[in-house]
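Just so you know, the sequences run in chain order A and B. Sequence positions in the first sequence follow UniProt numbering and run 1 to 329. Sequence positions in the second sequence follow UniProt numbering and run 1 to 637.
Just so you know, the hints here were simulated from the structure itself, not pulled from any lab data. Just so it is clear, CB atoms sit at the ideal spot from N, CA and C, and this is done for glycine as well. One thing to keep in mind: the hints can contain errors.
[Said to hold, decoys possible] Sample of chain B residues facing chain A (criterion: CB under 10 Å; computed from the structure): (1) Phe-163; (2) Ala-217; (3) Pro-218; (4) Arg-483; (5) Val-559.
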Amino acid sequence: MAGSGSAHLRPRDEVLLRVEDLVVEFPAGRGRTVRAVSGVSFDLARGETLGIVGESGCGKSSAARALVQLPPPRSGSVRLDGLELTELRGEALRRTRRRLQMIFQDPISSLNPRRRVREIVGEGPRVWDLPGDRVDEVLEAVGLDPATAAVRRPHEFSGGQCQRISIARALILDPEVVICDEPVSALDVSVQAQILGLLEDLKDRYRLTLVFIAHDLAVVKNVSDRIMVMYLGKVCELAPSADLISRPAHPYTRALIASIPGGGLDLPPADQLISGEPPSPVSPPTGCRFRTRCPRAAARCAEEEPRIRRIGADHWLACHYPETPPAPA
Amino acid sequence: MRRRQGLGFWLALGWIGLILLAALLADLLPFARYDETLAGPPQSGPSAAHPFGTDGLGRDVLSRVVYGARVSLGVGIGAVLLGLGIGAPLGILAGYRRKAADAVIMAVNDVAQAFPALVFALAVVAFAGANLRNVLIVLGVLGVPSWVRLIRGATLTFAEREFVLAARVLGTRDRRILWREIVPNVAVPAASYAFIGMAVVVVAEGSLAFLGLSVQAPTPTWGGLINEGRTLMETAPHVVLAPSIAMFLTVLSFNLVGDRLRSLTDVRESGLEPVRQAAPALPATTHPVRDVLLQVEDLRTHFVTPRGLVKAVDGVSFTLERGRTLAIVGESGSGKSMLIRSILGLLPGTSVRGGNVYLAGDDLTSYTAAEMRSVLGPRLGTVFQDPMTALNPVRTIGTQVMEPLRVHMSLTRRQARAEAAKLLASVGIPDPVRILRRYPHQLSGGMRQRVTIAMALSCRPDVLFADEPTTALDVTIQDQVLRLLHRQREERDMAVVLVSHDLSVVARWADEVIVMYAGKVVERGPAAEVFARPRMPYTEALLQAAPRLTDPVHHRLRVIPGRPPDLVDLPEGCAFRARCAYADERCEREAPPLFEDGHDRRRYACWHPRTQAQDGTAAAPSSDVTDVAEGAESGGR
């Protein structure tokens, strides 16, 4: 797996956000480096939802933060509507950043415990000297009663309600892209369904473009138009959601699907598709990064990193020896 | 802030207020000035005119203690404000900016902290002159390094929270982030430390004064008063006692207030934490014993919280046989983990348990703590969600896996080591002999969970309790661990109780399922039947709310309105009715019993159960579920 390349990117004038060859690295102490994201490219058309799925350490959250330049990536390009974010500094970056907003996993740690909901949600307009009269509107849009909710503090709310407040805070500045980093993984099933439905509604109402990051493939499939599968800082496979789930070609995608109980596909048991545990991102394997766990790995996989290539209408893959996908129905 | 702080806090605050007020208004109070000699007979004991007596020169001791408080409190408050004024900005800068600023500030700070403080204070005061200003400055500056350290630490924890990141994404400037997001959060631990700092300074000033290195006579200070009174200790002990007691109470009060303020730092409390008060006892019961491995009858667990009585487990019954897996599902707060802890007798001290747990006919609820210990391990094994907290971080994997073998199976060291290596190999750990010498943090999450499973299996338990064993693991690792549990169950002919919030896991791996809501069983039965034909509307809604890979893209999930009920004031009737589409008046009045559906194992608690015809479009595709259930039955690998 684990390929580089940008063959899958669409023409620049068709996309709102274009990320090319993104590299994110952190110092890991003793002179070592965590290679969190190593040459990832993807793009989003206006109004589209891109799902990014992968297990812990695959670099999905690091990529999300690199989009908003917090911190900026080591190298690569992030273009919003043609504007190169990685070249912006100071005030210009601050102005542009508000066009991208984020929602985080931990609903409690996302909200300042010492501020009231009205202050939290009204922070954006106050920073930009806009009228604060939209606070009630966005609170209502996320399903909270402004009259009672606005004067309370975050700890008086449940996890699901806190997540609604986070969404309201992100929406009030009318962002173009909202990056959701595991927005429902801390929530109970019944509340998770509420938040997923809410995100879909708000996407239509405010014409949002979403990056939806999660480890749960079923959740990602539910909201995404296209899905990108990541493993250890690299892209494995990218395809329209239904296509990716029904005709997974990458050995890792197949293992992910097979690991979900009741996945519905006629795949062999997961333990025949994947073995062992992910290697450390400090010293990733040479060639294809998935090869240490891949039952199909051969000598070439250790020597040569697979490039992303096209295997279907909009189905992209980085693997030397993919499982032949069944013919489209 | 409205939380009860306890009587001690208010008494301490009262004492500090009293001393402060007296010191401020000393000139207006009706007693002799501190330096008026022969205000009464010298060395006279407490009397109406001189409540604390007089000293060797006939000066009023009360007056001298009150005026002395001016110096003590003045130095205490002043030095702390000085230290805070210098230390807080440096600490915030170091904690928020990180990098070079942090490195430089902390390096200087470490050097400063290495100075022998009191010696330094003595030298400076002796050199620069003993007066109020110098003492205050010296003690204030000496406190700076601790302040920098404290404020930096607090800033660091908040600067990494997502709300600070969110503020930056909104385009908030650093200065505003510092004032609005960081400072209010750092203020509480700072206030707490300020009180403790004042106590330290009051003692330090007292020590300096005792050595004659603080404010000079005739201005009284507590340390100076104690020093003067020392010579009269035998004839007039009150002269030394009065300032000593005043100082003792003040220092104690500062510490107490500081400690209690720290408890305000945690604003996450839900009001559902058990308090130290026992719940009303539940009557002892017995039930006819059936011929099964595990029989739980009418189990109840109650505890008292600041907001009222919580019935965390409210009358749960089930039976379980060898070679079967029972899953307990429910959302957070449904009582599923409490049920497990209740069966195992691992409950917080003040909770009260009712009902019975029979293990092969023996009533575990009648066991003493010592008897329970001999059952936990050899007969009941446990695996919890977080393997890191289940393992002791400073002991090797080997010592931890060997311990139950040596305690319960009386193996020798050598035998235990060999058996431990065998166990690790059986749970799929490669190179077990090498892993025995490792520490928990050197293993991945999946490997750690395999180790805890090996420990749980080591004494060949009859029942293995696994509480969310794979929730903290990645999905590919989750599959490996669940397969492992299933294979071990087959090989060892045990029963497994699996607690999970994940319905797909339960559908795949369980034979029987119990659905819990608000501490009660609302539905139970064979897993395949329950998932294919849920009768209770909550089970049905839960199944439709969970996204599945087989759903089409942008499929609208069923939304269960509202949220799980507040366990403190559960309404009359059915606990689910507020969120239920089929609820009517009867559901409001009467809680439904567990109705039998066809056979004894299949039950549901609902006045308006879903029937097969109604669920046609709704429930889980039955083909899927029966397939996997068969797979599980036949060993499924």
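Going down the list of hints, with the structure as the test:
{"no.": "1", "hint": "Phe-163", "verdict": "holds (5 Å)"}
{"no.": "2", "hint": "Ala-217", "verdict": "violated (47 Å)"}
{"no.": "3", "hint": "Pro-218", "verdict": "violated (48 Å)"}
{"no.": "4", "hint": "Arg-483", "verdict": "holds (6 Å)"}
{"no.": "5", "hint": "Val-559", "verdict": "holds (5 Å)"}
Checked against the numbered hints given earlier, this structure breaks hints 2 and 3; the rest are met.
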